[in-house]
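Visitor: So the chains spell out like this:
Number of protein chains: 2
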Amino acid sequence: MKTSLRTHTCGELNAQHINEKVTLCGWIQKIRKLGGMTFIDLRDRYGITQLAFNNDTDPDLCKQIERFGREWVITVSGTVTERYSKNKNIPTGDIEILVSEIEVLNESLVPPFTIEDDSDGGDELRMKYRYLDLRRNVVKNNLLFRHQLGIAIRNYMNHIGFVEIETPFLVNSTPEGARDFVVPSRLNHGEFYALPQSPQTFKQLLMAAGFDRYFQIVKCFRDEDLRSDRQPEFTQIDCEMSFISQEDILNTFEGLIKYIFQTTKNIEITDIERITYADAMKFYGSDKPDARFDMRFVELNNVLQHKEFKVFNDAELVVGIVAKGCADYSRKQLDELTNFVKRPQVGATGLVYVQCQADGHFKSSVDKFYEQADLQVVAKQCDAKEGDLILIMAGKKEKAQKQLCELRLEMGNRLGLRKAGEYKILWVIDFPLLEWDDETERFYAKHHPFTAPKPEHEAILESDPAAVNANAYDLVINGTEIGGGSIRIHNKELQKRMFKVLGFSDEEAQKQFGFLMNAFQYGAPPHGGIAFGFDRMCSVLCNSDSIRDFIAFPKNNAARDMMLNAPTRISDLQLKELGLPLNEN
Amino acid sequence: MKTSLRTHTCGELNAQHINEKVTLCGWIQKIRKLGGMTFIDLRDRYGITQLAFNNDTDPDLCKQIERFGREWVITVSGTVTERYSKNKNIPTGDIEILVSEIEVLNESLVPPFTIEDDSDGGDELRMKYRYLDLRRNVVKNNLLFRHQLGIAIRNYMNHIGFVEIETPFLVNSTPEGARDFVVPSRLNHGEFYALPQSPQTFKQLLMAAGFDRYFQIVKCFRDEDLRSDRQPEFTQIDCEMSFISQEDILNTFEGLIKYIFQTTKNIEITDIERITYADAMKFYGSDKPDARFDMRFVELNNVLQHKEFKVFNDAELVVGIVAKGCADYSRKQLDELTNFVKRPQVGATGLVYVQCQADGHFKSSVDKFYEQADLQVVAKQCDAKEGDLILIMAGKKEKAQKQLCELRLEMGNRLGLRKAGEYKILWVIDFPLLEWDDETERFYAKHHPFTAPKPEHEAILESDPAAVNANAYDLVINGTEIGGGSIRIHNKELQKRMFKVLGFSDEEAQKQFGFLMNAFQYGAPPHGGIAFGFDRMCSVLCNSDSIRDFIAFPKNNAARDMMLNAPTRISDLQLKELGLPLNEN
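Those protein sequences? They're chains A and B, same order as listed.
Numbered per my numbering, the first sequence spans residues 61 to 645.
Numbered per my numbering, the second sequence spans residues 61 to 645.
By construction, these hints were calculated from the structure, which means they are not laboratory data.
A few of these clues could be false.
Heads up, the list lumps identical chains together, so a pair's fine if it works in one copy or across two of them.
[What the hints assert, rightly or not] Here are the simulated DSS-like cross-link-like pairs (lysine-lysine), alpha carbons at most 25 Å apart as the crow flies: (1) Lys279 - Lys200; (2) Lys479 - Lys318; (3) Lys506 - Lys279; (4) Lys200 - Lys428; (5) Lys506 - Lys392; (6) Lys384 - Lys325; (7) Lys146 - Lys459; (8) Lys514 - Lys402.
Chain A extracted, bound-state conformation (with noise of 0.2 Å):
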């Protein structure tokens, strides 16, 4: 990294540099006095250098570095010498430079927050002030190891015989799925443009044209109501293979998974299990279950209904867990775990719990209810030993199940069982093609409208669409969605009767998707896919729950830039070509 303006960076230099001249440019981290020395600490995107000034035999360097501050650029000459107090955290330790020369670059204010690991500034601020919280070291590596990520992605991809192929920004706004945002068009007045939600379309188009393996990391877009961890524009690696079967496509993505590990993490990905939606649902509670530790649902219906206990016999389920362990809860800990699932978040009535004891003797919130002799099946069910705890929650299923799924990931987190470096990976398979919204009482593509039906299901389509399954696949790390998609309808019969059930007439969906249904006219290739999200697969590799924190100028959850301040007004003339009402004043 030697430029004119530096022989060195401040990452570079060691022992083996001793009593050589150098030239360093960077940031003031720290200036510390000790005696008769004054030490710099200068900071560069590769690392740390101190230089050193000696009041004594340096008196003018001195002075002149007195009105620096923290942050100022400056660049120094000098050479380089062995420390007296090595530093054996930096690879920089061993040395430092004797100054002979500085002059600097620019000043600086002093920063609204400072520019440590462990910064005392708020979320606001280091958001409108980016480009001093992207100084600091943790920051910086998200985004250092984002670049590392994509280029691998980008070479594995290349080396299997995937094309990059870029799609277009302004499409058509196409209302199924999410909000678009949308661009007015200037030369035709009340004509808009939309941002891609996706590029499915023109991946699928370019299957029909033959590129056989296409895919693109590529910013995407939704205007929806942002959740603490959605961002309005992210990232997708989107990819899609033509001739192929479900099959083909979890293997190939299992090897750019394994790939990925082993390039960025080091670490060897031996196997990747799967398990089907409906055993994840039965079993977690979810789609996307957290696998690093087992505590698996068990179905307790038959054991704890049928006796005095209305809230269970009323309930569509009666499901538990097993806590390892824990039957020496003290009554506070049982109370916190209650109150847990009592959280609106969560939104249960209540828990039941039967402690396990050493003893052999059962003790639950339900004792009136039950003898020891149903506990015990109970706990034979759940194959619950003497010192566990069992945890059991009730009522509509999927509602159950949800709340129970909360539970669990809590009691992951108490028992230390989610372990930050330990990674379980997963292939969620055979999802429902269609799910029904009671609100406005039709189907919705559970994945999207171009998804096939399992073929064994195409006959009932029409006659039982909750019934149908599809070959959709989510691929979930550590509990987390991190991809998903499906082989795809490539017939425009079936892709017609896809849209009916879904409720559009056939003039909506030629209008909207004409283009790809008459694309499937001229021979389309059968055909799937699969999408990652790109700032989510960062964060989950580097055991964060933020995708924020992988986005180099990320938007707050009012959509807004906080350091641009945008959106903002634009001026009259703007709008006045775009056809649009002036600002009012």
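Given chain A, put chain B in place with the hints provided.
Guide: Below, chain B alone, put in the same frame as chain A:
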């Protein structure tokens, strides 16, 4: 590329596979009958393989394929056999498949144009059915080339320490420069995001953030009236470096260019010449000269003015070029050249020629104004030899330069001097910082408002703006600008002065670029960069005039996607949510 549906692709079988049982998938390129045999050319991304059907031994199969047509998608199984009449033009030409099983994967209507290198489809038809156009080898190979170029660039940039960082697409509108595409905000009615014309300010912020070396291959947007070879969305290779001088940037990207030529074209580039903007204008009348041929401009004011010819006497510039060996051009040929420069696209009023005849005599269109001796001086000054033709134009300096530049390129074409496959690469350096616009009576930034004046010109920024040069540079290949950049301002005060010269009030500058100027207050390093047009780079490397041929789904000159029919009206519900006026009926 083996999948569950095929054992091989249509491009990989050869004599080594004879007697193997194989399964192929693909599109029917051609069906022909020859005596008792029927042959099908089966095509996929990887090539073409001949399928053979024997009417005598396999009447059932032959019956089945009778209804097949072009572009049907089929899968066939059979045995690889040696071909009787081999086709040396394709890698699979030694073999054919004796088919035993066949299945139709999808039928096809007769395509609206032929899927051949020379298609019978017009531009509009091919754009509407772009997915069929993309099946043609020429277009397909363009996109494969683009992919390989992208991979090469990313790997090289990564190798020399550049980090790819994604910058946002929903940014703020900045009226300086071209017109923005804007995106209405749903959460803040009356406010808009803009799509970036380039990540310029973001890459500068990334330098302020300390990333040292950044690049990105990224979509950019300009809502301009389209010329034949502009697209509203285009792709840029955007790069920036810190702690550098112009020399570092030129050297770094010479490395990239050499690597690109080596990797994608197998051409070793030894020399990238540098020419100042002033010299480029003087010698070629253009800031992007095609230097594959010499034919430099020669100023002739000193010889041809102050004689009898009023046109020359009144001109600011009299300037000529020498067309080697063209002294024997006929009257008709000379008239063609005169007509060429009189076309509205060139806009000259006339053309003067001097034929340096073999006998040492000069014949010119201005014989009545000049002596043979005058013409001899002209020839000498132009270094024209016997047999050469001198072509002379005159007028206002810039206009005459531009017109003679057009004529020079035309002569280059006529004389076959602009050879496809020959590459002449130039850096054009020392651009003026500003250019005056007569209409709005103000200076505009020649490159952009963040370009730094040359340090030695900083003092005259306000007193003589037109005389200020910048460390700004363009990379020109064969007369096409494929990249440009500059050393940037990194100091808030200088940036303020620049905005003032450009006619911004402090308030406007702060409103639009406050975030950048604020960043300069917190220790921005000296930095500079360059951006290459990726679409353009593809087309220049492949000797094509059209960037559209290298874009999967381009828009037409009215910024319309003919295939999608975008832009379109959107629903009243969408308009209402955005606070925009509803559709009129």
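Visitor: Hint by hint, say whether it matches the structure.
Guide: Going down the list of hints, with the structure as the test:
Both within a single protomer and between protomers do Lys279 and Lys200 lie at most 25 Å apart by alpha-carbon distance, with minima of 21 Å and 24 Å respectively. In this assembly of identical chains, Lys479 and Lys318 lie within 25 Å of each other by CA distance solely inside one copy; the values are 20 Å within and 48 Å between copies. Taking the shortest alpha-carbon separations for Lys506 and Lys279, only the intra-copy value of 22 Å comes in at or below 25 Å, while the best inter-copy value is 31 Å. In this assembly of identical chains, the alpha carbons of Lys200 and Lys428 never lie at most 25 Å apart, being 59 Å within a copy and 75 Å across copies at closest.
Proximity of Lys506 to Lys392 under the C-alpha cut-off of 25 Å is found in neither arrangement, the shortest distances being 41 Å within a copy and 72 Å between copies. Taking CA atoms no more than 25 Å apart as the test, Lys384 paired with Lys325 passes in neither setting, with 31 Å inside one copy and 64 Å between copies. Within a single copy, Lys146 and Lys459 get their C-alpha atoms no closer than 59 Å, and across copies no closer than 68 Å, so neither meets the 25 Å cut-off. Taking identical chains as interchangeable, the C-alpha atoms of Lys514 and Lys402 are never at most 25 Å apart, the minima being 39 Å within one chain and 68 Å between chains.
The structure fails hints 4, 5, 6, 7 and 8 (numbered hints given earlier, in ascending order).
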